[in-house]
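This note's numbering puts the first residue of the sequence shown at 30, with every later residue one more than the last.
Please keep in mind that the hints were generated in silico from the structure rather than gathered at the bench. Honestly, I wouldn't trust all of these hints.
Stated by the list, open to error - Cβ-Cβ distance ranges computed for the label pairs, FRET-style:
#1 S123 - T210: 28 to 34 Å
#2 T207 - L102: 41 to 47 Å
#3 E90 - V139: 17 to 23 Å
#4 P203 - C108: 32 to 38 Å
Cβ atoms here follow ideal geometry from the backbone N, Cα and C, with glycine treated the same way.
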Amino acid sequence: MSCLPPSSAVIYRVTVSNFAGTLSMSASTLSETVDRPSLSPKISHFKKFLLLLLKYFNEEEEQMFYKVDQTTLPSEVDCAGLPSTPCIVVCGNSTLAAENFMLSVDQTIVNGHIRIFSDALLLMFGSYYCMNISYPAAQASTLEFLQRCLFKINTDKGSKVERNATKKQLAVSPKGLTLITKIADYEWRE
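Kindly produce the complete structure, drawing on both the sequences and the hints.
Laid out in structure tokens, this is it:
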């Protein structure tokens, strides 16, 4: 978490303390989900935060993280199963326990040897911007939140979410805006 902004620690605390009910879990269930004793103590809080954020926005972890066996080499990954948008390939059964990652863009492994989760996330996020790729609708709220609150990119401008002809395009999703407001209120009170 060292290369991520300090605000991520505050956002993580707010998410855990205030949104257990919103996530349809009791505080103890949420705590067990986030702090599994069987996992290595090296697990970054940011992995936990990101999984909570996906859960808060009702977005599937599988849309952002493609899991493969821990010993899988980049050349052995089934690229046909990968999404066309940037995603993190997790080497292991759990995103929380994984120690190796790969980056996939357009169903191709572009970096097969990433050791640090935050590096994988930054590379994935950078891929969206460098290649001018719109966020997929299945991850839109989470990626938009990360863009605006953590990375402070275009906080007051439009959206990188794929346009949907049947729905009105909003600058920020209502659920994302609510979360941003609650975090701002929490920071203001402390």
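Here is how each hint holds up against the structure:
1. For S123 and T210, the hinted distance range of 28 to 34 Å is satisfied, since their beta carbons lie about 32 Å from each other.
2. At about 43 Å, the beta-carbon gap between T207 and L102 stays in the expected band of 41 to 47 Å.
3. Taking 17 to 23 Å as the suggested C-beta distance range, the pair E90 and V139 conforms, at roughly 21 Å.
4. Between P203 and C108 the Cβ separation comes to about 36 Å, which falls inside the hinted range of 32 to 38 Å.
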